[in-house]
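Enquirer: Take a look at the letters that make up each chain.
Number of protein chains: 2
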Amino acid sequence: MVIPPPNHAADIRQPLPLAEAASRWSTPLLLLDHHRLEENLRRMRRRAENAGVALRPHLKTAKSAHVARLAVSGLASDGIAVATVREAEYFAAHGFRDLFWAVTPTRPKLDRVARLIAAGVTVKISLDSLAVARASSDAARELGVKFPVMIEVECGDARCGIPPTAPELLELGHHVAGDPGLHLVGVYTHAGHSYDHICPEALGVVAREEGQAAVLAAEALRNAGIRVQEVSVGSTPTVSRGEPVPGVTEVRAGVYMFSDCFQAGLGSSGYEDIAISVLATVISNRPDQGHLVVDAGSLAMSKDRSTERLGGKGDVGFGRVCHHTSQEWIPDLRFTTVNQEHGIVKASSPEVLASFPVGSLLRIQPNHACVTAACFDAYHVVDGHRLVVDVWDRVNGW
Amino acid sequence: MVIPPPNHAADIRQPLPLAEAASRWSTPLLLLDHHRLEENLRRMRRRAENAGVALRPHLKTAKSAHVARLAVSGLASDGIAVATVREAEYFAAHGFRDLFWAVTPTRPKLDRVARLIAAGVTVKISLDSLAVARASSDAARELGVKFPVMIEVECGDARCGIPPTAPELLELGHHVAGDPGLHLVGVYTHAGHSYDHICPEALGVVAREEGQAAVLAAEALRNAGIRVQEVSVGSTPTVSRGEPVPGVTEVRAGVYMFSDCFQAGLGSSGYEDIAISVLATVISNRPDQGHLVVDAGSLAMSKDRSTERLGGKGDVGFGRVCHHTSQEWIPDLRFTTVNQEHGIVKASSPEVLASFPVGSLLRIQPNHACVTAACFDAYHVVDGHRLVVDVWDRVNGW
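So the sequence lines, in the order shown, correspond to chains A and B. Per this note's numbering, the very first residue in the first sequence carries number 1; after that it's consecutive. Per this note's numbering, the very first residue in the second sequence carries number 1; after that it's consecutive.
Hints in this document: simulated from the structure, not taken from any laboratory. As the structure is a prediction and not an experimental result, all values here were calculated from the model. Treat the hints with caution; some may be incorrect.
Pairs involving identical chains hold if they fit within one copy or between any two copies, as the list cannot separate such chains.
To be verified - Think about it this way: if two alpha-carbon atoms lie no more than 25 Å apart in a straight line, the pair counts; the simulated DSS-like pairs of lysine-lysine are:
1. Lys303 to Lys146
2. Lys346 to Lys303
3. Lys303 to Lys313
4. Lys313 to Lys346
Isolated chain A, as found in the complex (with noise of 0.2 Å):
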């Protein structure tokens, strides 16, 4: 006996109305709003035309080569930026040239970079220390590749990256630019921060810092003379609410591509512009307990609770539970836990929850796009909010 291929494997050859399609693979599925996911790209590509700076999708969220080709397409160049090693192998494996490895290396990891090197690829790496510096000088030696390196730089977020006014910043500057093994392209910084930031106000100002931060720091490389090339920037919440930084040449985003509740609670997008959500069905509807139980549980939504903090009608419990076919909100239903296999969504009435037999068929749209999207290997890709034209694949994993 052998193992059946994936629940998505299937082959679609015609668009398929939702129903159908829950009763042809099994939910939870991973839904992906193909016109949704256009506006989002075409609205962030108009942004940072009219900021007049370069726009690197980072792929982290998506993790998938179609939608990558999307993200790039009217772009002037088709640089993506990626989380993992995994994924640098698997878009340069698509076709993409100009890969920028935002997280620090560990040597099996440049070991794998150096390959892609080897074959033609670019993939900039990411060093905030000396101590890695030396261990990427190392390895190229050993492999007989040169490293395209940004240097991270901290503007706030109090993660990794080098604060730009620290004597470390030019110590490294210095090694990098003296060192044959490394090519230095650039400084780097992420405002990870400006997730806990909800009032429009204060996401202008840890904007303004992380151009601020990038820009201080490529002209402190220059003022003693290292050249620098690239001064790139981003997190979905400052690049789509602050204002651009002169001397920043490149924004970085990603969550933008389907953005998620959590975003439309911060406000970087509206939750009619949410272009992923996982479809479920209703398996246990219980009068004695007032809820409904539906077949998403964590391992569906993932245990992200980040709208809690948006506090209100901003904090949507586990997921925000839309009708299946129209998108629209149920504020009716409440999506409260989640268990591994299980999701429990209280009704607000007997009326309500008469109205969701055992059966329905519900569309959550999930706190963050991040983790959610990563309990899944595919995406059924929804056309005309109803059909579903397409199966995309995601790479996991590292």
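Once you have looked at the hints, place chain B on chain A.
Expert: The following block gives chain B in isolation, referenced to the frame of chain A:
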């Protein structure tokens, strides 16, 4: 250019020291300690033997045929429980012939179960409503199979299931018993709310209520002339801490195989019994922030914060940071934050921080084994606490 095989796919022909494994495969890696696994299995086996009930290992946590074979070894039966149809298909393909799928089915999943049944595999399905019973009956008739059925009983968990004293129980029992497409095997319940109780006395009460609810339901059905063979209960906390209730024929549990920081905090096991951990590499060490950054973020650890409820020493942040070979806890390192590919670990002093330079390996015990394991598609099996001896696959998805 083709996509290289997954990070873990390399053959392993002889045991490798952990550090060498981490230079061969890229971190984060999911490690499984073979010795601890065997001890956890042996302990639960003996507990079930002493209680005089059958043990049906639940493979929802491990999702691995290798682990399943070890889990049933020494038991009277090789029956297992699963949480998804994909698991049922996978374990059937690996030779398992007695499966209980302990989550309510939907129609497309019944189609897949029917194919397994037609191939000679027993797959008991779970019902808690007439609606699903009728859908199952329709499917049985159309597909020419008979579904063995376990009726789900509610025991205080407030999720799925019929309360043992509710009239709906007898109604459903009569329906299933009289339906030519269904065969009533027994009743089952799951005290998922045992996870809410952190004091041993309360856990004992929940365990007793779990057993009593199932036995009460079985008696109610038998008094109505309906044959009930199996009375199945279980959750790792109740099976680990509770006393057997007469009339219960079978216990199910899954997390006990691996355990985790939440189970250890509850007292289901000790921290030294935790069999899985995430091997991570320090990629940044920032004296200015007082923290180090590891390459295990939310996509490797999950966003589970279940240990928060334990408070005090039981609350280990996003995972309990240990030395990579000894597995000894490092109380001076606290895993405070996860971003997608970054984990932030605060050090209690500059000296502690300095002792974990960039490139150091750390081994992190997860809060919740089920969701952390689901981030990976393979186990790197460690023996003698130091040597990687094998790579075992896992089956994720639906």
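Enquirer: Take the hints in turn and mark each one as holding or not.
Expert: Status of each hint after checking the structure:
For a Cα distance limit of 25 Å, the shortest separation of Lys303 from Lys146 qualifies neither inside one copy, at 41 Å, nor across copies, at 37 Å. In the homo-oligomer, the alpha carbons of Lys346 and Lys303 lie at most 25 Å apart both inside one protomer (18 Å) and across protomers (23 Å), since each shortest distance falls under that limit. In this assembly of identical chains, the alpha carbons of Lys303 and Lys313 lie at most 25 Å apart whether taken from the same copy (19 Å) or from different copies (22 Å). Taking CA atoms no more than 25 Å apart as the test, Lys313 paired with Lys346 passes inside one copy only; the shortest distance there is 15 Å, against 34 Å between copies.
Hint 1 from the list above is the single one not met by this structure.
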